[in-house]
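Numbered by our numbering, the letters in the sequence shown go through residues 50 to 324 in order.
Errors might be hidden in some of the hints.
[Claimed, not checked] With a cut-off of at most 30 Å between alpha-carbon atoms, the simulated DSS-like pairs for lysine-lysine come out as follows:
1. Lys65 / Lys306
2. Lys227 / Lys153
3. Lys261 / Lys186
[Stated by the list, open to error] Here are the simulated distance ranges between beta carbons:
4. Asn229 / Ser123: 17 to 25 Å
5. Leu152 / Lys227: 42 to 50 Å
6. Val80 / Ser212: 35 to 43 Å
7. Leu265 / Glu237: 38 to 46 Å
8. Glu175 / Asp71: 38 to 46 Å
9. Arg303 / Lys186: 43 to 51 Å
10. Ala110 / Ser263: 18 to 26 Å
11. Tyr294 / Ser212: 18 to 26 Å
12. Ala110 / Leu320: 33 to 41 Å
13. Ala130 / Lys261: 30 to 38 Å
Think of the hints as simulated: they come from the structure by calculation, not from any bench.
Glycine included, every Cβ here is placed at the ideal spot set by N, Cα and C.
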Amino acid sequence: MPLRSVFGTYDAEPRKADGRVDTDRLVRELVAIKANTYNFLVWRATNDWDDLKLFLPKARAHKIRVWLTICPPSECPPHTANYSEPFRLDYLRWATEIAKLSLKEPNLVAWSLDDFSYSSDTFTLEYVTEMVNRARKINSKLAFVPCLYYGHVTTQLGEKYRSLVDGILFPYRHEAGKRNLSEWDTLEAEIARIKLRFGSQLPVFIDVYATKHSQLNDSSPEYVEQVMKISRQHAEGVIVYCHQYEDKNPEKYRVVKKLFLDWAAEDAARLKAHN
50 MPLRSVFGTY DAEPRKADGR VDTDRLVREL VAIKANTYNF LVWRATNDWD DLKLFLPKAR
110 AHKIRVWLTI CPPSECPPHT ANYSEPFRLD YLRWATEIAK LSLKEPNLVA WSLDDFSYSS
170 DTFTLEYVTE MVNRARKINS KLAFVPCLYY GHVTTQLGEK YRSLVDGILF PYRHEAGKRN
230 LSEWDTLEAE IARIKLRFGS QLPVFIDVYA TKHSQLNDSS PEYVEQVMKI SRQHAEGVIV
290 YCHQYEDKNP EKYRVVKKLF LDWAAEDAAR LKAHN
């Protein structure tokens, strides 16, 4: 299933001198580490939507599933320099156009709104219902997997959005204790709480911080490894934030690559035994 045994990376696409995404290199990078998923952030440049369309068939040729993330109002002007282009804050249009694209490119299996739980003024129940229904009407197989933070995952939030989401993208920051990117002892319990609020069958995907986040400390290779391993055991997927490069962060790159290679082999053996 497209939302089970997910392991891949997010953001930090390689770029050419003109700022366009180097889609050929991105595919090579993903193939080298055996990633089965890539979460493509449409926000860094005005041509990202067009570059996504170029990337999708190349990724499909290597059986790489693609998610698409767009940014909420809190990460757009005047708060930042960029919008997710070309539809900006028109999320109803985004839902429609993403769903249409997923019919043409079947490896586009999911879409996400970053920092979804920080934008409750925009993403009211009525608005999200209309947004999700528009996408589902076009392609019922396309999953909506918004980004939710631990502190926002309340009983009320679960009751409000449970029927509208197909999974939760969960950035782990040790929020059940003191927020940091050094400790991982609360991860299993935090995953359990999300499943309690949204239902045990709902897939949870852990965003693992391999790149420094906001005001928090940078993570270590050991942290990345441990969070990835626990996430593989207790959640339905692992998305590494951000894509790691061997020449820039060799130790973290080796951790990600080794685990992805191991998991790809495990999944292949499981599939062979099942068949």
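Hints, one by one, checked against the model:
| no. | hint | result |
| --- | --- | --- |
| 1 | Lys65 / Lys306 | holds, 24 Å |
| 2 | Lys227 / Lys153 | violated, 45 Å |
| 3 | Lys261 / Lys186 | violated, 38 Å |
| 4 | Asn229 / Ser123: 17 to 25 Å | holds, 23 Å |
| 5 | Leu152 / Lys227: 42 to 50 Å | holds, 46 Å |
| 6 | Val80 / Ser212: 35 to 43 Å | holds, 37 Å |
| 7 | Leu265 / Glu237: 38 to 46 Å | violated, 20 Å |
| 8 | Glu175 / Asp71: 38 to 46 Å | holds, 41 Å |
| 9 | Arg303 / Lys186: 43 to 51 Å | holds, 44 Å |
| 10 | Ala110 / Ser263: 18 to 26 Å | violated, 36 Å |
| 11 | Tyr294 / Ser212: 18 to 26 Å | violated, 40 Å |
| 12 | Ala110 / Leu320: 33 to 41 Å | violated, 20 Å |
| 13 | Ala130 / Lys261: 30 to 38 Å | violated, 19 Å |
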